[in-house]
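Protein chains: 2
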Amino acid sequence: MTKDDVLKALSTVQEPDLGKDIVTLNMVRDLTVEGNYVSFTIVLTTPACPLKELLKKNCIDAVQSINKNALVTVNFTSSTTTLRSDKGSVLPNVKNIIAVVSGKGGVGKSTVAANLALALSKGGAKVGLMDADIYGPSVPIMFGVRGERPMMIEVEGKGMIVPLERFGLKLMSIGLLVDEKNAVVWRGPMASSAIRQFVTDVYWDQLDYLVIDMPPGTGDIHLTLVQTVPVTGVVVVTTPQDVALADAKKGIAMFGQAQMNVPIIGLVENMSYFTPAELPQNKYYIFGKEGGKRLAAEYDIPFLGQIPLVQSIREGGDIGIPILMSDEDITKHAFLELAGNVARSVSMSNAHMKSEEIAEVVE
Amino acid sequence: MTKDDVLKALSTVQEPDLGKDIVTLNMVRDLTVEGNYVSFTIVLTTPACPLKELLKKNCIDAVQSINKNALVTVNFTSSTTTLRSDKGSVLPNVKNIIAVVSGKGGVGKSTVAANLALALSKGGAKVGLMDADIYGPSVPIMFGVRGERPMMIEVEGKGMIVPLERFGLKLMSIGLLVDEKNAVVWRGPMASSAIRQFVTDVYWDQLDYLVIDMPPGTGDIHLTLVQTVPVTGVVVVTTPQDVALADAKKGIAMFGQAQMNVPIIGLVENMSYFTPAELPQNKYYIFGKEGGKRLAAEYDIPFLGQIPLVQSIREGGDIGIPILMSDEDITKHAFLELAGNVARSVSMSNAHMKSEEIAEVVE
Ligand SMILES: Nc1ncnc2c1ncn2[C@@H]1O[C@H](COP(=O)(O)OP(=O)(O)OP(=O)(O)O)[C@@H](O)[C@H]1O
Ligand SMILES: Nc1ncnc2c1ncn2[C@@H]1O[C@H](COP(=O)(O)OP(=O)(O)OP(=O)(O)O)[C@@H](O)[C@H]1O
Ligand SMILES: [Mg+2]
Ligand SMILES: [Mg+2]
Numbered sequence: 001m002t003k004d005d006v007l008k009a010l011s012t013v014q015e016p017d018l019g020k021d022i023v024t025l026n027m028v029r030d031l032t033v034e035g036n037y038v039s040f041t042i043v044l045t046t047p048a049c050p051l052k053e054l055l056k057k058n059c060i061d062a063v064q065s066i067n068k069n070a071l072v073t074v075n076f077t078s079s080t081t082t083l084r085s086d087k088g089s090v091l092p093n094v095k096n097i098i099a100v101v102s103g104k105g106g107v108g109k110s111t112v113a114a115n116l117a118l119a120l121s122k123g124g125a126k127v128g129l130m131d132a133d134i135y136g137p138s139v140p141i142m143f144g145v146r147g148e149r150p151m152m153i154e155v156e157g158k159g160m161i162v163p164l165e166r167f168g169l170k171l172m173s174i175g176l177l178v179d180e181k182n183a184v185v186w187r188g189p190m191a192s193s194a195i196r197q198f199v200t201d202v203y204w205d206q207l208d209y210l211v212i213d214m215p216p217g218t219g220d221i222h223l224t225l226v227q228t229v230p231v232t233g234v235v236v237v238t239t240p241q242d243v244a245l246a247d248a249k250k251g252i253a254m255f256g257q258a259q260m261n262v263p264i265i266g267l268v269e270n271m272s273y274f275t276p277a278e279l280p281q282n283k284y285y286i287f288g289k290e291g292g293k294r295l296a297a298e299y300d301i302p303f304l305g306q307i308p309l310v311q312s313i314r315e316g317g318d319i320g321i322p323i324l325m326s327d328e329d330i331t332k333h334a335f336l337e338l339a340g341n342v343a344r345s346v347s348m349s350n351a352h353m354k355s356e357e358i359a360e361v362v363e
Numbered sequence: 001m002t003k004d005d006v007l008k009a010l011s012t013v014q015e016p017d018l019g020k021d022i023v024t025l026n027m028v029r030d031l032t033v034e035g036n037y038v039s040f041t042i043v044l045t046t047p048a049c050p051l052k053e054l055l056k057k058n059c060i061d062a063v064q065s066i067n068k069n070a071l072v073t074v075n076f077t078s079s080t081t082t083l084r085s086d087k088g089s090v091l092p093n094v095k096n097i098i099a100v101v102s103g104k105g106g107v108g109k110s111t112v113a114a115n116l117a118l119a120l121s122k123g124g125a126k127v128g129l130m131d132a133d134i135y136g137p138s139v140p141i142m143f144g145v146r147g148e149r150p151m152m153i154e155v156e157g158k159g160m161i162v163p164l165e166r167f168g169l170k171l172m173s174i175g176l177l178v179d180e181k182n183a184v185v186w187r188g189p190m191a192s193s194a195i196r197q198f199v200t201d202v203y204w205d206q207l208d209y210l211v212i213d214m215p216p217g218t219g220d221i222h223l224t225l226v227q228t229v230p231v232t233g234v235v236v237v238t239t240p241q242d243v244a245l246a247d248a249k250k251g252i253a254m255f256g257q258a259q260m261n262v263p264i265i266g267l268v269e270n271m272s273y274f275t276p277a278e279l280p281q282n283k284y285y286i287f288g289k290e291g292g293k294r295l296a297a298e299y300d301i302p303f304l305g306q307i308p309l310v311q312s313i314r315e316g317g318d319i320g321i322p323i324l325m326s327d328e329d330i331t332k333h334a335f336l337e338l339a340g341n342v343a344r345s346v347s348m349s350n351a352h353m354k355s356e357e358i359a360e361v362v363e
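Same order as they appear, the protein sequences are chains Z and A.
full-length UniProt numbering puts the last residue of the first sequence at 363; the count rises by one with no breaks.
full-length UniProt numbering puts the last residue of the second sequence at 363; the count rises by one with no breaks.
Since the hints were made in silico from the structure, they are not lab data.
Beta carbons are placed, not taken as given, at the ideal position from N, Cα and C, and that holds for glycine.
Possibly wrong hints are sitting among the right ones.
[Unchecked claim] Derived BS3-like pairs: lysine-lysine, alpha-carbon spacing no greater than 30 Å straight-line: (1) Z/Lys3 / Z/Lys20; (2) Z/Lys289 / A/Lys8; (3) Z/Lys283 / A/Lys283; (4) A/Lys56 / A/Lys20; (5) A/Lys289 / Z/Lys283; (6) A/Lys20 / A/Lys122; (7) A/Lys56 / Z/Lys289; (8) Z/Lys56 / Z/Lys122; (9) Z/Lys68 / Z/Lys122; (10) A/Lys122 / A/Lys52; (11) A/Lys8 / A/Lys68; (12) A/Lys57 / A/Lys8.
[Claimed, not checked] Some residues of chain Z that are not near chain A, with every Cβ distance over 12 Å (derived): (13) Lys8; (14) Asp17; (15) Leu25; (16) Thr32; (17) Asn36; (18) Ala62; (19) Ile66; (20) Asn69; (21) Met142; (22) Arg149; (23) Met152; (24) Asp201; (25) Gln311; (26) Ser326.
Let's have the full structure, built from the sequences with the hints guiding it.
Listed below in structure tokens is the structure:
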């Protein structure tokens, strides 16, 4: 059994999302073959890849199909892909910027953004969470960092704000920079320039993912953000009822608009159903059934998952420890699955856009 | 028994909210006395007055205390009070303008505004509902009038938009005037001028109450609205959890600010608890317990009521028939009580402000 034999065998293993084999995708590294001992590393396009186990099994099967006594060690590493080759001056070391949006307010953007960021980080990625909700920042309460004052450092002669760190995440909220006692009435242009400054003055350093918790609605803040930050894509959050779906559609339309033109990573349905502890078999579809799922199908965008309505999710938000850091399994699982789907969708979109880019160059 | 005897007896009856007797308040009209037959009309300060039965009983008791054989007929009428004596050019025939606000989005502003307007109207008042949520108008879906095009009339040489009518309410939504298929990205100044035009170009005619469903948050739209419309007061809606309360506080602070200075009519707690039909004795405080009630106490503002989390409220919103028009008794009752409290609070505030005005003149 030579290295070439093994590579040939591995070239039958498909990366299901990217639709090509793992050898062509250059995902196999550090291959060693010594007698029956085979070892190699697979470089995933994201540490949060939900396909690890499947890939591992398929790789072992492929090698054993040419040598049934082979003892195969599959290591994983990841190098999160990015489309930001030039990267420019804004957030130069951030690979992927994911904006969590909704048309309607209160549907759970902040909850999803926080737990998504934590779940991506649990998967091994370097993750930041930026709370850009200038009108109602939630991160200070949700992470129990209200009143903390971020430090400043000098980077290339410029004073920069250092994000806080909590549960392995880097965090910054506009609520940590303005005094929360006084309601701020930002007039349009003031709000836009505040957001712009907020984005450019925080020193995020190296990140695989920066998750942005956006303000609700479809206003000029969104336009400013998209014009300031090179957003990789948006995750749309909605609850299942018609009035929320109507606003979600507006959000989708807005981000698809020529002025913005930001890809949709997918849609999350939040508060999908309520299950009382005493009646675990009952699901109460208080806000309606599967409205988000239907919307995703209708608009042909990836459906990223359903999150149930669970008191401990709300409590986690209120006490400053997001549900993902608790040991409440079922809901945590929903968010981990969501993160896997988001990471996949981003990888796929990066791969897809890259091949489009290449195709354009080739033609 | 003379008229004077009766008036003297009635002058022992207090209007509990206004803290004075009904004769001093000039609430007794059309008094006739013929033998044992006494009849008079009480002019309430609002048709939605929840104290009718109490007042009636106290009046009868008072008259019978001077003549135990008296046969007393108490009629009610109402003349909704207003502070808008000059009234100016904006909404000249509208007596009270109630803005329904929240800091946080999705807490049920539109649901409360719609059902509050309907409940006030059931009480006999002339009521309009204006949906000023430029980013996510809900009234078209909530009243099943999506796609309807309002008519225009000429009033004093100016083309004005005629509100729709539904369930006895006058309705207008910014969503009926802009095409809902395309997401509108309003830049600040554009949004402000659109709102201003929207307010001044609709012909509401005579109203006791105009309820305004405001956009979420504390932004420049709010400032514009308050600078354009002479708002009588705001009803703050919140859900019980801390993150919503934090935003509600911001809302309260904003409206109290010098720039705005709008009285707070009171606070409504929405989605207070969920009760499954199978376990009617259980209340699930999914979003936390009595947070709104505590906030009202802490800020010393009137607490207007609790609205439970009920699937039929959401369904009512989605199918275009608000819960108040259904025959679902318990939740309807919660809204009727809310409307009574709002009307009371407005009357009291009007009376209070009037006596302050008079006091100032007297000094
Ligand atoms: N799945 C869920 N189960 C229970 N509570 C939830 C769930 N998702 C969100 N919540 C709670 O609902 C409230 C609204 O959620 P959140 O603040 O995340 O919404 P949002 O869309 O960010 O709101 P805004 O538009 O104000 O930014 C919070 O109290 C949150 O804890
Ligand atoms: N008490 C309740 N029980 C069940 N559902 C409710 C209740 N109150 C509101 N809802 C539902 O919750 C959703 C949000 O309510 P609503 O649209 O009234 O909020 P809002 O504050 O006006 O939101 P926005 O900030 O987007 O304007 C709607 O689907 C509505 O039907
Ligand atoms: Mg939020
Ligand atoms: Mg609304």
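Hints, one by one, checked against the model:
1. Z/Lys3 / Z/Lys20: Satisfied, since the Cα-Cα distance of roughly 20 Å is no more than 30 Å.
2. Z/Lys289 / A/Lys8: This hinted pair is violated, its Cα atoms lying about 63 Å apart.
3. Z/Lys283 / A/Lys283: holds, 16 Å
4. A/Lys56 / A/Lys20: holds, 16 Å
5. A/Lys289 / Z/Lys283: Holds - the C-alpha atoms of Z/Lys283 and A/Lys289 are around 22 Å apart, at most 30 Å.
6. A/Lys20 / A/Lys122: holds, 27 Å
7. A/Lys56 / Z/Lys289: Roughly 48 Å separates the two Cα atoms, so the pair is violated.
8. Z/Lys56 / Z/Lys122: Holds: Z/Lys56 and Z/Lys122 sit about 20 Å apart, inside 30 Å.
9. Z/Lys68 / Z/Lys122: This hinted pair is violated, its Cα atoms lying about 35 Å apart.
10. A/Lys122 / A/Lys52: Given pair A/Lys122, A/Lys52 holds - Cα atoms ~15 Å apart, limit 30 Å.
11. A/Lys8 / A/Lys68: Given pair A/Lys8, A/Lys68 holds - Cα atoms ~16 Å apart, limit 30 Å.
12. A/Lys57 / A/Lys8: holds, 17 Å
13. Lys8: Non-interface label stands for Z/Lys8: nearest chain A Cβ at 51 Å, farther than 12 Å.
14. Asp17: holds, 30 Å
15. Leu25: holds, 37 Å
16. Thr32: Check passes; 53 Å lies beyond 12 Å.
17. Asn36: holds, 57 Å
18. Ala62: holds, 48 Å
19. Ile66: holds, 55 Å
20. Asn69: The claim stands: Z/Asn69 keeps its Cβ more than 12 Å from every Cβ of chain A (closest is about 57 Å).
21. Met142: For Z/Met142, whose nearest Cβ neighbour in chain A is about 7 Å away, the distance does not exceed 12 Å, so it is violated.
22. Arg149: Non-interface label on Z/Arg149 holds, nearest chain A Cβ at 18 Å vs cutoff 12 Å.
23. Met152: Check passes; 26 Å lies beyond 12 Å.
24. Asp201: The claim stands: Z/Asp201 keeps its Cβ more than 12 Å from every Cβ of chain A (closest is about 22 Å).
25. Gln311: Answer for Z/Gln311: violated, closest chain A Cβ roughly 5 Å.
26. Ser326: At about 16 Å from chain A, Z/Ser326 clears the 12 Å cut-off, so the statement holds.
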